[in-house]
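There are 2 protein chains.
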Amino acid sequence: MYLAKIFVTHKKSILDPQGEAIKNALHRLDYEAVENVSQGKYFETTLNCDSEDKAKQITDSICDSLLANPNMETYRFEIEKVGD
Amino acid sequence: MYLAKIFVTHKKSILDPQGEAIKNALHRLDYEAVENVSQGKYFETTLNCDSEDKAKQITDSICDSLLANPNMETYRFEIEKVGD
Numbered sequence: 001m002y003l004a005k006i007f008v009t010h011k012k013s014i015l016d017p018q019g020e021a022i023k024n025a026l027h028r029l030d031y032e033a034v035e036n037v038s039q040g041k042y043f044e045t046t047l048n049c050d051s052e053d054k055a056k057q058i059t060d061s062i063c064d065s066l067l068a069n070p071n072m073e074t075y076r077f078e079i080e081k082v083g084d
Numbered sequence: 101m102y103l104a105k106i107f108v109t110h111k112k113s114i115l116d117p118q119g120e121a122i123k124n125a126l127h128r129l130d131y132e133a134v135e136n137v138s139q140g141k142y143f144e145t146t147l148n149c150d151s152e153d154k155a156k157q158i159t160d161s162i163c164d165s166l167l168a169n170p171n172m173e174t175y176r177f178e179i180e181k182v183g184d
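Chains as they are written, first to last, in this note's numbering: chain A, 1 to 84; chain B, 101 to 184.
Read the hints as simulated data drawn from the structure, not as lab findings.
Among the hints, a few may not be true.
Stated by the list, open to error - Pulled from the structure, derived: some chain B residues nowhere near chain A, Cβ distances all over 12 Å:
hint	residue
1	SER113
2	ILE114
3	LEU115
4	PRO117
5	VAL134
6	PRO170
7	ASN171
To be verified - Derived SDA-like pairs (lysine to any residue); straight-line CA-CA distance at most 20 Å:
hint	chain 1	residue 1	chain 2	residue 2
8	B	LYS112	B	GLU135
9	A	LYS41	B	PRO117
10	B	LYS123	A	ALA25
11	B	LYS156	A	ILE22
12	A	LYS81	A	GLU35
13	A	LYS5	A	ASN69
We put the CB at the ideal spot given by N, CA and C, even for glycine.
Sequences are here, hints too, so could you generate the full structure?
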């Protein structure tokens, strides 16, 4: 069994209004040290497969086909072996 | 300058309908190896402060006061030094 930790974030070229809104809210709460904020999605998925390579292949595929919008988002992930 | 990578996820006791919906969608796309899916939020924020301890303190505070809903969510973060 493998655990995939998937990070989906906006492409640099894409405006991140959510991140801007959070930054402004934090400044209104007097967190002046905050320079930039970006918000993305974080997924954890357990995969019942027999090798790390297979887990990477499945994770790539589920990101491309469902979890990340290729026009606006980019993704990266980490794979960990968990249990048998 | 410090970069905080923040992961906000549902508490274990809280139902994650979004994660369930994604799991079902992936099964319909024939990704049978997928066992569980949980979706959370991922933030990156740059902090203009002078120590890692200060960066941790600010990050804790912005999570408690804005980024994570204490009733339903839990958070963890990683701090990296970036630039001067």
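Just to be careful, I want the Cα atoms of LYS5 of chain A and ASN69 of chain A compared with a cutoff of 20 Å; is the pair within it?
Given pair LYS5 of chain A, ASN69 of chain A holds - Cα atoms ~17 Å apart, limit 20 Å.
Decide, holds or violated, for the assertion that all CB atoms of chain A are farther than 12 Å from the CB of PRO117 of chain B.
Its Cβ never comes within 12 Å of chain A, the nearest being 14 Å, so this holds.
Would you assess whether ILE114 of chain B, listed as outside the interface, keeps its beta-carbon beyond 12 Å of every beta-carbon in chain A?
The assertion about ILE114 of chain B holds, with a minimum of 14 Å to chain A.
Hint consistency between LYS81 of chain A and GLU35 of chain A [alpha-carbon to alpha-carbon, up to 20 Å]:
Violated. LYS81 of chain A to GLU35 of chain A sits at ~36 Å, over the 20 Å cutoff.
Under the criterion that the straight-line Cα-Cα distance not exceed 20 Å, is the pair LYS112 of chain B, GLU135 of chain B satisfied?
16 Å, holds
Verify this label for me: SER113 of chain B is non-interface relative to chain A, using a Cβ-Cβ cutoff of 12 Å.
16 Å, holds
Test the statement that ASN171 of chain B is away from the interface with chain A: the closest C-beta pair must be farther apart than 12 Å.
19 Å, holds
Is LYS156 of chain B within 20 Å of ILE22 of chain A, Cα to Cα?
With Cα atoms ~18 Å apart, LYS156 of chain B and ILE22 of chain A stay inside 20 Å; holds.
Is it correct that the beta-carbon of LEU115 of chain B has no partner in chain A closer than or equal to 12 Å?
16 Å, holds
Does the claim that PRO170 of chain B lies outside the interface with chain A hold up, using a Cβ gap greater than 12 Å?
For PRO170 of chain B, whose nearest Cβ neighbour in chain A is about 16 Å away, the distance exceeds 12 Å, so it holds.
For a C-alpha distance cap of 20 Å, please report whether LYS123 of chain B and ALA25 of chain A respect it.
33 Å, violated
Verify this label for me: VAL134 of chain B is non-interface relative to chain A, using a Cβ-Cβ cutoff of 12 Å.
6 Å, violated
Hints 5, 10, 12 from the list above are not met by this structure, while the remaining hints are.
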